[in-house]
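As you go down the protein sequences, you meet chains A and B in turn. Residues 1 to 212, numbered by my numbering, are exactly what the first sequence covers, in order. Residues 1 to 212, numbered by my numbering, are exactly what the second sequence covers, in order.
Since the hints were derived computationally from the structure, they do not count as laboratory data. It is possible that part of the hints are untrue.
Pairs count within a copy or across copies, as identical chains cannot be separated in the list.
Only pairs whose alpha carbons sit at most 30 Å apart, straight line, appear in this in silico BS3-like list of lysine-lysine [claimed, not checked]:
id, residue 1, residue 2
1, K101, K205
2, K156, K97
3, K45, K101
4, K4, K101
5, K175, K101
6, K97, K198
7, K154, K208
8, K4, K198
9, K205, K18
10, K57, K205
11, K45, K57
12, K97, K205
13, K4, K97
Bear in mind the structure is a predicted one, so any value in this text is a computation, not a measurement.
Number of protein chains: 2
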Amino acid sequence: MLNKHDVDYGIYLVTDRKILGRRGLVQSIIEAAQGGATVVQLREKELLTGEFYSVAKRVKEVTDELGIPLIINDRLDIALAVDAAGLHIGQEDMPAKIARKLLGPHKILGVSASSVEEAVLAQQEGADYVGAGAVFATGTKEDISFIGLEGLRKIKQSVAVPVVAIGGINEENLKAVFENGADGAACVSGILGASDIKKAVEKLKNIKRSVK
Amino acid sequence: MLNKHDVDYGIYLVTDRKILGRRGLVQSIIEAAQGGATVVQLREKELLTGEFYSVAKRVKEVTDELGIPLIINDRLDIALAVDAAGLHIGQEDMPAKIARKLLGPHKILGVSASSVEEAVLAQQEGADYVGAGAVFATGTKEDISFIGLEGLRKIKQSVAVPVVAIGGINEENLKAVFENGADGAACVSGILGASDIKKAVEKLKNIKRSVK
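Could you build the full structure based on these sequences and the hints that come with them?
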């Protein structure tokens, strides 16, 4: 059984169906894990509940085999239905306090924060980690403002829980992300958009190692 | 506390934001309840989770005051988050077996069925009632085939749980719906599209009384 306090948020893959190549979702996750990805967050914004459930169930089998935690974006029903390791919610999703209550104490709850206020509140309401961002410009989410490395550093200083940086992170800026306090780096296109996913993650891991 | 076995499915309102008039969602529900609606199903297909949660929370306060059960369409997370009386799922939503497990024994689980096979399976997997339909043509859902009164009757004969007929039900055909075995009639535009919602529901109630 996963102990949520042992989770390594180091290289945290967030999926995005829109930038999957021909290799598909499951194969991309496998290759990312082979390269050393430590967490997978399944993010599906377009699927019907039944489809999302089927995809999540399949991905859960794979992440279980790979031995890495699966976190579901937004949908607590799916997280519970597939017995995922946890749930990640944004500020537009369910209130963190309610999510914490419904998840129980053992599942991971991650909450997105783009300010110190949101990060502190997320921690108060039971977040196990804070997703801080967007740190840099990104093509994968719309209508977000960027907090920069300074924003990341301030959020890290304001909370005791791990901070996972997200937003436009790639091999060029990863070093700076960890130097500014991130406990983990969440990547979408930085991993899924690579021609060789395994190699891309290995590269990110090596950069991370060079910092800590 | 609601005992789910006491629920009267008689006149069952399903909401649809697209056909709400100027009176809005909450006012429509209040007027329907004043007319005698016995159940409210909140159906929201476009809202983000946080918005859906807020709307459902507000509606739950209202249905609690009115003393009628609130059932959430599709989203088990929202049903749990607002402590709704139950959840209604379609064939495209989460599997009924999983929903039953996650809801626990005390919450209502309704499952849509458009055939005897689906109805029997729904009952086996823990449905407390079956939503049988679409009985007639309707403008509120796309890509569905119609089961007619004969389909309704066959479903009623195949299961022990209450059967709520849905799909194009209005004051013209309501009598036939109950004569063909329905325990309840779910209406969308038949209620929400009325110029006087309270009166429309009263009319439906009177028709129902004339049958049973």
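Query raised in the report: Checking against the hints above, which ones are violated?
Result: Hints 1, 5, 6 and 12 contradicted; others consistent.
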